[in-house]
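Protein chains in written order, with my numbering: chain A, 1 to 354; chain B, 1001 to 1354.
Check each hint, because a few of them may be wrong.
[Claimed, not checked] Each computed EDC-like pair below joins lysine to aspartate or glutamate, with the alpha-carbon atoms no more than 20 Å apart:
#1 B:K1010 to A:E131
#2 B:K1002 to A:E131
#3 A:K281 to A:E256
#4 A:K326 to A:E131
#5 B:K1010 to A:E225
#6 B:K1002 to B:D1049
#7 B:K1003 to A:E259
Since the hints were made in silico from the structure, they are not lab data. All figures in this text were calculated on a predicted structure; none of them were measured in a lab.
Protein chains: 2
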Amino acid sequence: MKKWEENIRKVSPYVPGEQPQTGDVIKLNTNENPYPPSPGVYEAYCAVDFGRFGLYPDPVSGDLVRALEKYYGLREGQVFVGVGSDDVLSIAFQTFFNSDRPILFPDVTYSFYPVWAAMYRIPYECPPLDENFRIRPKDYRRENGGVVIANPNAPTSIGLARGQMEEILRANQDVIVIADEAYVDFGGETVLPLLDRYENLLVVRTYSKSRALAGMRIGFAMGNERLIQALGDVKESINSYPMTRASVPVGVASLEDEEYFREHLRMVMDTRAWSKGQLEKRGFQVMESQANFLFARHPEMSGEYLFEQLRERKIFVRHFSGERIKEYLRITIGTDAQMERLMAALDEIIPDLF
Amino acid sequence: MKKWEENIRKVSPYVPGEQPQTGDVIKLNTNENPYPPSPGVYEAYCAVDFGRFGLYPDPVSGDLVRALEKYYGLREGQVFVGVGSDDVLSIAFQTFFNSDRPILFPDVTYSFYPVWAAMYRIPYECPPLDENFRIRPKDYRRENGGVVIANPNAPTSIGLARGQMEEILRANQDVIVIADEAYVDFGGETVLPLLDRYENLLVVRTYSKSRALAGMRIGFAMGNERLIQALGDVKESINSYPMTRASVPVGVASLEDEEYFREHLRMVMDTRAWSKGQLEKRGFQVMESQANFLFARHPEMSGEYLFEQLRERKIFVRHFSGERIKEYLRITIGTDAQMERLMAALDEIIPDLF
């Protein structure tokens, strides 16, 4: 090792799902939305003033912040936006988790949490999900430096009821509790109504799932003004201008077509119900999903084998190697046509005798 | 203070130049380019496939990385891209400056450097510029954990010759040396030809100045493959998908119209020469600029007074409160028409007797 290499940071990066850049695969591996965003989003994208591309964007993305505050009925100063919810969560970890005590998140959850914790040298502990892959609120009653709950959880797809989240909040009023609601629009129960009761609650959302805008990188956090201000200060210590001139109007426009939004959520949820039934017909055990994906295992076939077999047929699903979940597949809900092709492929892969 | 507030990170954020969101001001305060990017950039922006907005972008922005490698005659694996050079520099600070020894950068330079150092708890020391606001290479011969040189420097606008940069590199072969070349296209001397000789050299550039794309947030770093890999690993520990689907093709398109690029650099440099003469006629002392801005003081009038007077006339320039530079204005080069209006305003502000 050369001398200059000695001080290079050693990290264990997050490994995102494969992003094939060609169009000829069925991509059910990164929980994207199979539909385009509303037509108004495209209009807003095209209406961006080319003559101002050379100017820095508004550092606080004021138009988008105000639109979100209005949409969610919040006060001024209750929203922070970032480059996807990963950016928001990364900044939140740096902003709020500066205790010597470990932060808590489940053993099976979004696998970026331990990566950020390691990156920012935050101690952490992972209470295990119960045998049905459910979060047990009582596990979050011990001393800690903060709590992060993905609700609905990933990759399990299972949500906690608001009352259970409140149980966690009640037990943790001296630290920041992050509710990562990336998937909540697909049938989860949000803790937004608890914001006024718990000043230490931060709700994080993304445009990448329900709003079909993963390509434009928009995420946001909602909380009391003190938390939002603290996020803003840390953001201004990292990058003054994280959002492009395109992202902000696109994010605003997405909020303006509620009918399109609701209709396409419904389509994803309908396809989810159909897909769950179809998988069960083929012998899969499928968790009750409140997200835009299904978490499923086949009792007779290994997760890795199914993953590889589907991949050979150009159908990408997600497979994790973690001990507790390695027999499972995480399958994003695609269009009806895509899910039909998935089922046809499974019919080839799974022998008749099952 | 509430208990949950105790572990909130305390920071002293960077304060960016004002970004008025209305169009009726002359904005010479954040070193943007007064011209739009080339027409091909707009075509590329509009050609982005709306049907794929819902899909995550390529995590490594491969198209843009390859285009930059080709443009600069580099090998595969020598370019890293990020959300403006601030994002790239922020990640570079985290990746490379993990020593107990202080990193070194000048006392008068880009004011984000001390902010990142504080944010990431990196010790630092600031050798003072000489009395002519020049960097003295011999100041960088002491023990350190890394070196950061903005070349040309900001806000002074003064560049170092390649030989002087090499003097710094020769003395610092055991740490990473970052050459922040944000302004180099406006007449500075790049250290790119030294990349093969110094494996510990990282050159950072931005699309926000010479490429007139501050609004689309694109920056990049060039260096040997080991450094670029390390940046990528840290980036994957923060945010898998920092670049939007719009930024990447826009960044590629900008590289494809070299004639437009050269012509508009020349326009900025011509206006700079004219503006420097005009300021000097009005009694200003103006530094020899290799950047798209001028750093100037009037021996008879305070920097703050001039700043305020211009601001009242809706002409925004940048004023810093640091002791050594508080009598100076940093004036971005605008269009000829904008600079003429600046001179007319100065004629009002500066009494005849000078």
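Results of checking the hints against the structure:
With a C-alpha separation of about 41 Å, the suggested pair B:K1010 and A:E131 falls outside the 20 Å cut-off, and the hint is violated. The hinted pair formed by B:K1002 and A:E131 fails the criterion: a straight-line CA distance of about 37 Å is larger than 20 Å. Proximity of A:K281 to A:E256 is assessed by CA-CA distance (about 40 Å); at most 20 Å being required, the pair is judged violated. Straight-line distance between C-alpha atoms of A:K326 and A:E131 comes to about 15 Å, which keeps the hinted pair within the 20 Å bound.
Between B:K1010 and A:E225 the alpha-carbon distance is near 16 Å, which keeps this suggested pair within the 20 Å criterion. For the given pair, B:K1002 sits about 49 Å from B:D1049 by alpha-carbon distance, which is inconsistent with the 20 Å threshold. For the hint linking B:K1003 to A:E259, the alpha-carbon distance of about 42 Å lies beyond 20 Å, and the restraint is violated.
Going down the numbered hints, you'll see the structure goes against 1, 2, 3, 6, 7, while the others check out.
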